[in-house]
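There are 2 protein chains.
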Amino acid sequence: MNRINIGIIGLGTIGAGVVKLIHKNSQVILQKSGIKLNIKKAADIDKRKKEELMLSNTVFTTNANDVISDPEIDIIVELIGGTTKANEFIINGIKAGKHIVTANKALLSQTGNKIFNTAYKYNKFIGFEASVAGGVPILKSIRESLLPNRITKIYGILNGTTNFILTKMEKDNLEFKDALLLAQKLGFAEANPEYDIKGTDSAHKLQILASFAFNTDVKFKDIYFEGIDKITLDDLKYIHSLGYKVKLLSIAKLDLRHKIYECRVHPTMIHTSNPLSTVSQEYNAILIDGDAVGEQIYYGKGAGAFPTASAVVSDIIDIAKKILNNNEKIFDRSFQISDDLTMKKFGDISSRYYLRFKTCDKPGVLAKISGILGKNNISLSSVLQKETGQNIVPIVMLTHISKESDIQRAIKIIDKLDIIKSKTNIIRIEDNM
Amino acid sequence: MNRINIGIIGLGTIGAGVVKLIHKNSQVILQKSGIKLNIKKAADIDKRKKEELMLSNTVFTTNANDVISDPEIDIIVELIGGTTKANEFIINGIKAGKHIVTANKALLSQTGNKIFNTAYKYNKFIGFEASVAGGVPILKSIRESLLPNRITKIYGILNGTTNFILTKMEKDNLEFKDALLLAQKLGFAEANPEYDIKGTDSAHKLQILASFAFNTDVKFKDIYFEGIDKITLDDLKYIHSLGYKVKLLSIAKLDLRHKIYECRVHPTMIHTSNPLSTVSQEYNAILIDGDAVGEQIYYGKGAGAFPTASAVVSDIIDIAKKILNNNEKIFDRSFQISDDLTMKKFGDISSRYYLRFKTCDKPGVLAKISGILGKNNISLSSVLQKETGQNIVPIVMLTHISKESDIQRAIKIIDKLDIIKSKTNIIRIEDNM
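Residue numbers (the numbering used here), protein chains in the order written: chain P, 10 to 442; chain C, 10 to 442.
Keep in mind that a hint or two might mislead.
Because identical chains share one entry, a pair is satisfied inside a single copy or across any pair of copies.
[Said to hold, decoys possible] Capping the alpha-carbon separation at 30 Å, the derived lysine-lysine pairs in DSS-like fashion look like this:
id, residue 1, residue 2
1, LYS412, LYS430
2, LYS367, LYS432
3, LYS246, LYS353
4, LYS29, LYS162
5, LYS33, LYS412
6, LYS49, LYS371
7, LYS353, LYS56
8, LYS371, LYS33
9, LYS246, LYS262
10, LYS162, LYS230
11, LYS262, LYS331
12, LYS239, LYS194
13, LYS421, LYS194
14, LYS194, LYS180
15, LYS162, LYS33
In short, the hints are calculated from the structure, not lab data.
Just chain P, with the same shape it has in the complex:
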């Protein structure tokens, strides 16, 4: 039996899940790996966690530095979230000779390079599988199993909260804000849901995925992201009638010939024949295209205490095996820039578009709108205008492949017209996934 001492900083939902999972499945873990995980120290500022998780006086502490300074601890698990304190604990942990496991996507997507470089300098491992898609092993698959591939496409449903809200809107005929309230009530959305619904969380995860998939240094600040808060129930109904569903999709595509890639997060129309359109509730799914393996899909729970804890514990075991094998060299430097790739400006992307106008019911409205679109190189594939019997009339248009900057310019002009009664809703369409 090989014993590995770990220290946990942060006993919130995931931290508590890690403690419980290690206790519940210690026998399975030992049988499958030959390793006994010992929680030597666990820190949280909330003293009630001690009792709640049945931790002894010698294990529980309210001071994170007790974990970092314990010379017998091999691996520190950082699960406090946020970026300031978490960064400090991780860097100090590495410098104190500890390997690190974290689920902190916000931190990694913003200062990952610094953390990975520090770890490399001190010859320590960073496990971060739990940072993207919870229990779904998408990072290990990209970094190890698909290593011999040139990965050219990633389409991810990476945020369970927004997928839950979109599913509820669709199935229970709810408007966005009612579905959000329901999600909050059921624990699928936080009291402050901004990170999720505005697309920030999905962009963090995309930054991590794309960096490793394309082996380049994707800058978070360059990723265009947009949330689901502008989607109305009416939009969903039009979209369904056209044979599509809407998902908050994290998209990364690599154009190898031109050495340029794009990374973006926005509500996206996906045809119902595409498997990703069937991913509902709080589930995550990632479609990946590699030049050797072709298209693959990974599907599972992307959040929640136990799915995420599973990823954390499997990272711990991976590092524990390396410790016990006296690994001294770290070959895995795939976070390093190794290609001369640049990110495409968002205005330069091409897509088909769903445009939903709110106009007044006057002669010549359609001609006016389509005229402006035409002048901006945008041609239409279909137009939908239903009788409403009201003064304000929605008009839905689907475009052929157009350039983002052309769309933005045209809509800016259109939205200033008197006949337009509210800001036009733009939803991008992905057909050839």
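Given the structure of chain P, go ahead and fit chain C onto it with the hints provided.
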């Protein structure tokens, strides 16, 4: 740069794919891993492979022993298939101090234990990701990413050939033997398709998956398997009208409380609401249930030169990293029996059943059949009998949950009746996946 010398035995479809992939993506592999793979020797009895793969005189050989005896080779890749010679090469390779990578499911499912034990004794690694589901990293996910989980269910579409045939039958209205001919013409089925269509290949893969998922010594000979060759186009039509699809499913379930598991392969009715029902053509998919992660699905190409080569090369890189790190201990003994689990007898499984009788159109036929079923504890959930205007009439029945041995006993009696015109077709139904 770290150079690793590999030797390949067998340059058929997959072996050739490995050579091509290593050449094509050597730059990507080097960038992502820091490792340069060098094909030091490659053996095949077919001399034409030398030119076809542009191998030099010093690399190509027709003698596998040249690979095994080369002292500079670190890893041997066995891709000849079959069980006799392959076993000999692998065991000799291990004894000569080489690590092994193989895609040979038939060999592993039959004598895997011996091979793993020999490797353990000589402190060598066996990579075998490519043996199940081609480029889909299902074994690594089970053995590493899901390690902290108790896995209780596996449902796999593990054979691309049969899935292709079932898709063609369904979409192009073909009978089984015509769909098989088409599959052979398009290269999706071999000239001798027995291994695929009879379910043997799926059972081999299930043996490997279940052994690692349940961490027990599943015996191939104890796995019940049955192929798709008895399914008719009429069956598929009835089944579709009932809201189901048919897949050749590899099923493993663990009942932890009673320490008993079941492993079986047979055509299975899956409701169209289940994501596995949408897996078409030559694709593979595996649904796994772990106590921490919940349900996950892995989907991708399960066969073909490049998807399989991707798995082989990723195994090579994994082992190469261990070699370069001077790993000396092998912790991964998850193939070892660690639980006191037994396999359920096939007769003891429970399922719902589709039964298709061919009877003559006489009064009392339905009463006779349903009477025998009733006496054997089988109750019906639905009955379908359509007017055909012919003497021979098909009757389709769906049962409630029944015991396999009850079904077998009842059908044996029914098939002896004068009113029954051909052997009754039995298809099992999985509802609660």
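Hint by hint, here is what the structure shows:
| no. | hint | result |
| --- | --- | --- |
| 1 | LYS412 to LYS430 | within (25 Å within a copy, 65 Å between copies) |
| 2 | LYS367 to LYS432 | within (8 Å within a copy, 64 Å between copies) |
| 3 | LYS246 to LYS353 | neither (32 Å within a copy, 49 Å between copies) |
| 4 | LYS29 to LYS162 | between (37 Å within a copy, 22 Å between copies) |
| 5 | LYS33 to LYS412 | neither (53 Å within a copy, 33 Å between copies) |
| 6 | LYS49 to LYS371 | neither (73 Å within a copy, 77 Å between copies) |
| 7 | LYS353 to LYS56 | neither (48 Å within a copy, 48 Å between copies) |
| 8 | LYS371 to LYS33 | neither (67 Å within a copy, 61 Å between copies) |
| 9 | LYS246 to LYS262 | within (29 Å within a copy, 40 Å between copies) |
| 10 | LYS162 to LYS230 | within (20 Å within a copy, 42 Å between copies) |
| 11 | LYS262 to LYS331 | neither (34 Å within a copy, 32 Å between copies) |
| 12 | LYS239 to LYS194 | within (21 Å within a copy, 51 Å between copies) |
| 13 | LYS421 to LYS194 | neither (38 Å within a copy, 55 Å between copies) |
| 14 | LYS194 to LYS180 | within (17 Å within a copy, 44 Å between copies) |
| 15 | LYS162 to LYS33 | between (38 Å within a copy, 19 Å between copies) |
Of the numbered hints listed earlier, those contradicted by the structure are 3, 5, 6, 7, 8, 11 and 13.
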